[in-house]
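Next come the chains, spelled out residue by residue.
Number of protein chains: 2
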Amino acid sequence: MKKYKKVNYPIEDVRHYLEPSPTVLLTSAFKEERNVMTLGWYTIMEFVPSLIGCMISGGNHSFELIRKSNECVINLPTLELSKTVVSIGNCSGTEIDKFEEFNLNTAEGEMVNAPLLVNCYANFECRLYDCKLVNDYNFFIFEIVKAHVAKVPKYPKTIHYRGNSHFVQSGKNIIIPSAK
Amino acid sequence: MKKYKKVNYPIEDVRHYLEPSPTVLLTSAFKEERNVMTLGWYTIMEFVPSLIGCMISGGNHSFELIRKSNECVINLPTLELSKTVVSIGNCSGTEIDKFEEFNLNTAEGEMVNAPLLVNCYANFECRLYDCKLVNDYNFFIFEIVKAHVAKVPKYPKTIHYRGNSHFVQSGKNIIIPSAK
Chain L
1 MKKYKKVNYP IEDVRHYLEP SPTVLLTSAF KEERNVMTLG WYTIMEFVPS LIGCMISGGN
61 HSFELIRKSN ECVINLPTLE LSKTVVSIGN CSGTEIDKFE EFNLNTAEGE MVNAPLLVNC
121 YANFECRLYD CKLVNDYNFF IFEIVKAHVA KVPKYPKTIH YRGNSHFVQS GKNIIIPSAK
Chain W
1 MKKYKKVNYP IEDVRHYLEP SPTVLLTSAF KEERNVMTLG WYTIMEFVPS LIGCMISGGN
61 HSFELIRKSN ECVINLPTLE LSKTVVSIGN CSGTEIDKFE EFNLNTAEGE MVNAPLLVNC
121 YANFECRLYD CKLVNDYNFF IFEIVKAHVA KVPKYPKTIH YRGNSHFVQS GKNIIIPSAK
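One line per chain: the protein sequences are L and W, in this order.
Taking UniProt numbering, the leading residue of the first sequence gets 1, the next gets one more, and so forth.
Taking UniProt numbering, the leading residue of the second sequence gets 1, the next gets one more, and so forth.
Among these hints, one or two may not hold up.
Which copy? The list can't say, so a pair holds if one copy fits it or any two copies do.
Stated by the list, open to error - Here are the computed lysine to aspartate or glutamate pairs in the DMTMM-like style, where the Cα-Cα straight-line distance is at most 25 Å: (1) Lys151 / Glu101; (2) Lys83 / Asp13; (3) Lys146 / Asp136; (4) Lys132 / Glu143; (5) Lys154 / Glu46; (6) Lys172 / Asp97.
Source of the hints: derived by calculation from the structure; they are not laboratory data.
Kindly generate the complete structure, drawing on both the sequences and the hints.
This is the structure:
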């Protein structure tokens, strides 16, 4: 599986990768346990601090690990990982070690204990910023505290879930300058 | 400008169009005033009720109209409207009537007073569901109470903002069934 070499990336510019809302893989860890889940429901919320809001269902094993550790990593997979992304979303970390099952290569984070997925194009290390909506909506607000992004390719081919096994791939990039 | 004919669409299935997070146009109205703004920061939050969370900057004219009316419409533009989407995002409804300026055709909503944009592929009528995060983050949780979606084309070409005038177009649609 492809391993992406990454460089530091300005955390206030993560919208470049996350605002188009590709399906991502969320990794988490607490003590000896770790997990990875597929995530589609999230949004940028602020540039500085660099905030992301996301929905993590209470039924997920990851929910408990994140509740206890207050940390996670958002990993950005590309098209070649799409079958793995679906498989990760369709099994539970309470039953198997998904990292072993899917041969995921990991690296240590700099700011958090959750693992970085080396096979993903980018890794965004996150710390819990606000849990006000967790009880009502399972909605966490994280601050991205470190961003690792590959330089090649310039525009990764990402996948965006629509539900019912349907995805849309990212297409052509266009620049539309402001008029005047 | 193209006018899309629409049919009712199940509100619990709006993720099909909104989970890939295309840049959308938000319309609002209060008394004699109405406005339209460009929105990129939002996420699906629940199927039933059909919830969407979104960030509407307090500096926007739309913010006030939505605060007073507790309603809005999320309109889904396609590629051919991309220059208009950018222009709408770069001017203020306090200074001009954007509907006139950009020749936007409107229709009346069934459940809310905010106008539907006829030139968009889909219109999602929304009522405020929870304003708990509005003071801290300008983050509104809306319930979609009515969805109008065109049947043709099956997969509209949408645009997804990345910041700094860069967009990514939606690309090929793929089906990736769950293994086993």
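key: Within, between, both or neither, where lysine 83 and aspartate 13 count as close if Cα-Cα is 25 Å or less   = between (28 Å within a copy, 23 Å between copies)
inquiry  = Regarding lysine 151 and glutamate 101, is the shortest C-alpha distance of 25 Å or less found within a copy, between copies, in both, or in neither?
reply    = neither (28 Å within a copy, 41 Å between copies)
Lysine 154 and glutamate 46: within-copy, between-copy, both or neither at 25 Å Cα = within (24 Å within a copy, 34 Å between copies)
message = At most 25 Å between CA atoms: does that hold for lysine 132 and glutamate 143 within a copy, between copies, both, or neither?
response = both (14 Å within a copy, 19 Å between copies)
task = Since the copies are identical, ignore which copy is meant and state whether lysine 146 and aspartate 136 lie within 25 Å (CA to CA) inside a copy, between copies, both or neither.
result = Close across copies (23 Å), not inside one copy (28 Å); limit 25 Å.
message = When Cα atoms must be at most 25 Å apart, do lysine 172 and aspartate 97 count as within-copy, between-copy, both, or neither?
response = Neither: 36 Å inside a copy, 32 Å across copies.
In terms of the numbered hints stated before, the structure departs from hints 1, 6, listed from lowest to highest.
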